[in-house]
Amino acid sequence: MEETLTVPAMSQTGWSAAEFDEIVREHQAKIYRVLWCELRDDEAAATLTQDCFLKAYRGRAEFRGEASVSTWLVRIAVNLARDYRRNRRLGFWRRMVGGNARETELAAEMAADSSPGADRALLAREQLQQTMAVVKRLSPQQQTVFNLRFVEELSLEEIAQAMAIEIGTVKSHLSRAVHALRRQRDEP
Amino acid sequence: MKHLSDEQLLGWLAGDADEAAQTHLRSCELCQTEAIAVRDGISRYSLALREKATQAQRAQMAGDFAPRKALAKHRLRWAGAGALALLLAAQTTWMLRPRERSVDTGAQGSTQNYAQNKKQGGGQGGGQAAVGMSDDELLEAVNNDLSRDVPEALAPVSAITTARNEMAAASGGAIRTGKDKLKENK
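Residue numbers (this note's numbering), protein chains in the order written: chain W, 1 to 188; chain G, 1 to 186.
A few of these clues could be false.
[As the list claims (entries may be wrong)] Ranges between beta-carbon positions, derived for each pair: (1) ARG77(G) to SER139(W): 48 to 54 angstroms; (2) SER175(W) to GLN32(G): 17 to 23 angstroms; (3) ASP83(W) to ALA83(G): 47 to 53 angstroms; (4) LEU47(G) to PHE20(W): 47 to 53 angstroms; (5) CYS28(G) to GLU157(W): 39 to 45 angstroms; (6) ALA133(W) to GLY15(G): 46 to 52 angstroms; (7) SER43(G) to PHE20(W): 46 to 52 angstroms; (8) GLU157(W) to ALA62(G): 34 to 40 angstroms; (9) ARG75(G) to ARG82(W): 42 to 48 angstroms; (10) ALA133(W) to LEU30(G): 53 to 59 angstroms; (11) SER43(G) to SER16(W): 39 to 45 angstroms; (12) ALA83(G) to ARG82(W): 41 to 47 angstroms; (13) ARG86(W) to ARG77(G): 41 to 47 angstroms; (14) LEU30(G) to SER139(W): 54 to 60 angstroms.
Simulated from the structure, these hints should not be mistaken for lab results.
Bear in mind that the values here come from a model prediction, so they are computed numbers and not experimental data.
Backbone N, C-alpha and C fix where the C-beta goes; we use that ideal spot for every residue, glycine too.
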């Protein structure tokens with residue numbers, strides 16, 4: 001009697017708790033990275049990573065396996081980041097006080113950290129700063145597409161699924177980003 | 001000469017450049033330099049972001065354990081707080097115990113008083129003091145009650161009368177009251 005009740009319930013709700021634990025362990029770092037790249041905020045990324053898995057667990061019955069688990073989680077994360085940005089946009093003073101300073105500080109840190117050697121340090125720093133400046137000028141959606149493509153190395157199809165947009169739109173966003181990078185390089 | 005389009009460069013960056021793009025890149029030094037520069041820039045950006053994100057995550061995870069570290073750091077304070085709590089508990093217990101003793105003592109005292117009062121034929125409220133009496137004391141008090149000559153309410157009057165009669169006997173006759181004096185005068 002118990003089996004007949006339990007088995008359909010399990011198939012409806014998706015994974016068991018142990019299976020979901022495994023999913024969390026496997027994708028936690030990636031989801032944190034996606035969120036951090038979106039927000040550049042350590043604490044927000046950590047909080048939203050937890051929110052992402054909580055949301056995924058609650059909505060696990062809705063996962064139909066059309067996309068991979070990873071893409072499904074990235075989609076939840078991207079939506080959470082978008083909502084977070086939208087809410088943060090209301091925090092005018094916070095942005096005025098700390099936002100730009102943090103971005104600049106972060107860019108400087110990243111440029112300093114990525115120096116491969118003394119002789120090529122200047123060139124590497126320049127390349128990184130140029131790329132960062134270009135990405136910063138892109139629209140939020142273009143930035144997300146750019147990061148998912150080049151940082152997370154998702155395929156165009158995965159990006160389209162994760163962001164619920166057409167593959168053509170993904171290509172268009174990436175082309176604009178590449179165009180901006182080329183143009184930046186041409187500028188003195 | 002037509003240089004690489006953005007789409008072709010994008011394809012080359014993804015590792016699936018078409019034949020025309022590859023041929024052009026081999027022959028055009030300008031496009032080659034540009035493509036390599038864009039690729040390097042993206043590569044550095046990607047690596048830097050990954051590294052920073054990993055560092056941030058590690059820091060966050062370390063931060064999650066910070067409360068435990070803080071607990072360990074303030075172990076002495078926690079021990080002090082525990083000792084204080086124990087002291088307060090001991091004091092509370094101590095404060096409660098004397099009250100129980102005093103109740104007992106009071107009860108015993110009352111019992112003794114009760115017994116004394118009963119012996120003396122007095123003892124108002126003796127019934128309340130019977131709480132905590134031993135069986136012997138209770139029995140004695142009941143016996144006293146039963147062997148009493150006058151009701152409990154009249155015990156003081158009886159005591160006064162007894163005392164007066166004793167004084168009169170000692171002085172050689174009964175004490176004369178006002179009524180007796182009037183009779184004598186008549």
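Hint check results:
1. Roughly 52 angstroms separates the CB atoms of ARG77(G) and SER139(W), a value that falls within the hinted 48 to 54 angstroms.
2. Between SER175(W) and GLN32(G) the beta carbon distance is about 20 angstroms. The supplied range of 17 to 23 angstroms therefore holds.
3. In this structure the supplied range 47 to 53 angstroms holds for ASP83(W) paired with ALA83(G), their Cβ-Cβ distance being about 49 angstroms.
4. Checked against the hint of 47 to 53 angstroms, the pair LEU47(G) and PHE20(W) fails, with Cβ atoms roughly 31 angstroms apart.
5. Judged by the Cβ atoms, the range 39 to 45 angstroms given for CYS28(G) and GLU157(W) is violated: they are separated by roughly 31 angstroms.
6. Evaluation of the 46 to 52 angstroms hint for ALA133(W) and GLY15(G) yields a failure: the beta carbon distance comes to about 26 angstroms.
7. Against the hinted window of 46 to 52 angstroms, the Cβ-Cβ separation of SER43(G) and PHE20(W) comes to about 35 angstroms, which falls outside the hint.
8. Between GLU157(W) and ALA62(G) the Cβ separation comes to about 37 angstroms, which falls inside the hinted range of 34 to 40 angstroms.
9. Restraint check, ARG75(G) to ARG82(W): a C-beta distance of roughly 45 angstroms satisfies the suggested window 42 to 48 angstroms.
10. The hint said 53 to 59 angstroms for the Cβ distance between ALA133(W) and LEU30(G), and at roughly 22 angstroms that hint is violated.
11. Distance hint check for SER43(G) and SER16(W): the Cβ-Cβ separation is about 40 angstroms, which falls inside the suggested range of 39 to 45 angstroms.
12. Distance hint check: the CB atoms of ALA83(G) and ARG82(W) are about 53 angstroms apart, inconsistent with the given range 41 to 47 angstroms.
13. Separation of ARG86(W) from ARG77(G) is about 44 angstroms and conforms to the stated range, judged on CB atoms against 41 to 47 angstroms.
14. Between LEU30(G) and SER139(W) the Cβ separation comes to about 29 angstroms, which falls outside the hinted range of 54 to 60 angstroms.
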